[in-house]
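K.L.:
Taken in order, these protein sequences are the chains called Y and W.
Per full-length UniProt numbering, numbering of the first sequence is gapless, rising by one per residue and ending at 372.
Per full-length UniProt numbering, numbering of the second sequence is gapless, rising by one per residue and ending at 87.
Because the hints were derived from the structure by calculation, they are not lab data.
Quick reminder that beta carbons are idealized off the backbone N, C-alpha and C, glycines included.
Do not rely on the hints blindly, as some may be mistaken.
[Stated by the list, open to error] Now the in silico label distances, taken between C-beta atoms and shown as ranges:
no., chain 1, residue 1, chain 2, residue 2, range
1, Y, S74, W, R21, 54 to 64 Å
2, Y, A170, W, A16, 39 to 49 Å
3, Y, P291, W, A82, 18 to 28 Å
4, Y, R270, W, A16, 51 to 61 Å
5, W, D86, Y, R284, 27 to 37 Å
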Amino acid sequence: MKHPDVIVVGAGIVGAACAAELQALGRDVLLVDGGVPGGGVTAAGMGHLVALDETDDELDLCLLSLARWDAYLSTRTDLAEHVRCGTLWVAEDDAQMAHARVRAQRLGRRGWDAVELSGDALARMEPALRAGLAGAVRVVRDGVVYPPAVARDLADTLVALGGQTRFGTAVARIDDGAITLASGERIAAGDVVAAAGTAVTRLLPDIPVFPRKGHLAITARTPRRLSHQVVSMGYGQTAAGSDALAVAANVQPRITGQWLIGSCRQDGIRHADVDPRVLAQVLRSAIALLPCLADMKIIRSWTGMRPATYDGRPVIGRHPALPHVWVAAGHEGLGVTTAFGTAQLLADLMLDRPASIAAIPYSPSRFAHVPA
Amino acid sequence: MSPPDLSSRVVVDGVAVDVPRGVTVVAALVAANSLCTRRSVTGQRRFAFCGIGQCQECRVTVDGCANQLACGTICADGMTIATGGDW
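The following block holds chain W by itself, in its conformation from the complex (with noise of 0.2 Å):
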């Protein structure tokens, strides 16, 4: 008996990672190196800070819906996950 396939693969920026299966957007940013999910008004890197969905800080966009806190939302196989936004 093979053992069950335990990992996601996930697209951040473009770059493909894997990572175990039910861990959050922000550990895949985190296996990925991209540690910067948004700018501020001002410009400032931003990423995950509370990483219980109080600060807003973690918004990334997901399979092309903006605004999706990262901290919030679980991995699933083939999804698309982009940072940087500046809004």
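Extracted from the complex, chain Y is given alone in its bound form (with noise of 0.2 Å):
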């Protein structure tokens, strides 16, 4: 077999979106993964496409990724199951309106259309949200999508346009332009990019990506209408309390008719498995906000492992000691969101042109004396 230029490790979202997007610009590319493409962190997701602004190298991220976003869903809308229903960031008190003011004044001096809401107007725009509420942002042009569907298509995509694929086959380790599976065998290529979300601390010890935890639950489908994905104003800022458990209320319309439940953060919990105390809390916070939820039918609940950093940014680009490993990965809750951009950073910085946003708050050299 001839040697690929580019192997990338994990065909999750943003792995597979790095292949894709190699191969594209004429790399011969290979993606490898465990399981198949979006079984894993990405099957797990929400799948919000959604402008976040806690920093301005986020919204950077965030805003040449939806732009890609809006290219790539206007051949497939079908194919995502997406659907352009706005996000509504509710406030609950004037203190939350304020941040919500802010927001919305941030994402629409970036053009990305964000309208503030009044109590009264949120109240006849959304009626299943509760009474009283102090007003909200509407974010007018986010969406939400099904990304295993979509990281499917992406490795289809490299494989259509020449690339190669090997599912179902581990990873044991990386060493500097090459990767060694499970069974042994030993691959040598240009360049390795470990996009294998939690699993890339393991792989690359160095590079600390671990494990934070979340909780979802999705109803029965319902003749009930929810126009907007809602999410608290508390989503992102929620301190974690003394259990190490953050909950903020995030609901999604699917196009199915089910309303999808979120969310939560758990740090330093290693197993998968439901909690009922923990699934209770974000049911509760999801009730307070859309109380008929609490009449409705939860069919299925699952966890998921986000992959998260010590600063809340994920790690895009070249390792600090191995020249020819690259990084895409601990983008914790917002990888459905960046795969795009990441994707076109990591190109930018591998074939040494400029880059379309600052590589510097993403380098992997930031964690050079964070144990992992």
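Could you use the hints to bring the two separately framed chains together as a complex?
P.N.:
Structure, rendered in structure tokens:
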């Protein structure tokens, strides 16, 4: 077998996007995964396409990616189960409303439409919300997709462009310009991209990506209407409690008529079991915003491990010590939104062309002195 | 001494059927020859598959209450059952 130019380890949405991008730019790519495309972290996620703005560079990466999503979805809306439902960032009190107002201004300045809604306007727009909310910010162009279908499609795109895949094939180790499979087979390549989420730390011990557990639940299909993705303004701001559990309501309407309910974050938990105590807190926080959920039926609940980093930013770029190893991992809860921007930035760096956005905030070198 | 009344009368999609007391709604659906509990997202007909509350395919409306598992609901005298929901 001819050695590929690039081996991408991990066929989640981030790895698959990187593989398809690099192949489209003329590299000969092999995509390897121990399971099936999108079968791991990607399958467990909510699949929101949302502009987050905790920092300027986070917003840069989101907006770069969302523009690419628009282009992708213009040809594949049905496949991705895409709904441009918009996001309602719901404020329960005046303090949250002040934060929401700042978000609306920040997004609006960057051309990502965000409109401030009064409590009354919010009640008219989304009647399923409880009465008495302070207001909201409506981000019109946000949406949701079904991410494993997109990961599969990107793997198919890679193959259609002439790339190769090896699925059901676990990777045991990454060296500088080569991988070794669990079977012992060694494959050399010009470059290796580690996009294996929470497994990256096992393969590259000096890249600290740790699991941040989340619980989700989905209702039976319902004739009830929810027009927007509803997210508490507490999302991303909720400090973890003494039991290291942070909960913030996030409810999405799915194309099937189901409602997908999240979310929570827990560090330091290694088992993937559904914890009824944690799930109950997630459901209570969702019911607090959408009381009709109390009468609806949950048909499935599950967990996932987000690949997180200590500074909340993904790791995108060249490994600090291995010149032929690159990293695209650690996207926590934003990997679906930022997959295409990650692929573009990584390709910029690998092809040594001007970067689309600032690369420094994502550099793997920043963790050189952090123990895994 | 007369024998105890051992049947319940339920109404499936407007059709009255008598079933032995204590059986599930699935049995009443079979008695009424109503072998489609609901329609899938793509319009396919669905019916009870696992019979033990796991597969969620047998969801029907019982006494006006949607999304009830037919395999996990015991028939009660006078119950009305509606099938064919496309949710």
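K.L.:
Quick check on a hinted range of 27 to 37 Å for D86 of chain W and R284 of chain Y, using CB atoms only.
P.N.:
30 Å Cβ-Cβ, so the 27 to 37 Å window holds.
K.L.:
So the hint says 54 to 64 Å: do the beta-carbon atoms of S74 of chain Y and R21 of chain W match that?
P.N.:
Given a distance of about 59 Å, which is inside 54 to 64 Å, the answer is holds.
K.L.:
Between P291 of chain Y and A82 of chain W, does the beta-carbon spacing fit 18 to 28 Å?
P.N.:
Once the Cβ atoms are compared, 25 Å apart, the range 18 to 28 Å for A82 of chain W and P291 of chain Y holds.
K.L.:
Take a look at whether the Cβ-Cβ distance between R270 of chain Y and A16 of chain W falls inside 51 to 61 Å.
P.N.:
holds (56 Å)
K.L.:
Using the Cβ atoms, figure out if A170 of chain Y sits within 39 to 49 Å of A16 of chain W.
P.N.:
violated (59 Å)
In the structure shown, a violation is registered for the earlier hint numbered 2 alone.
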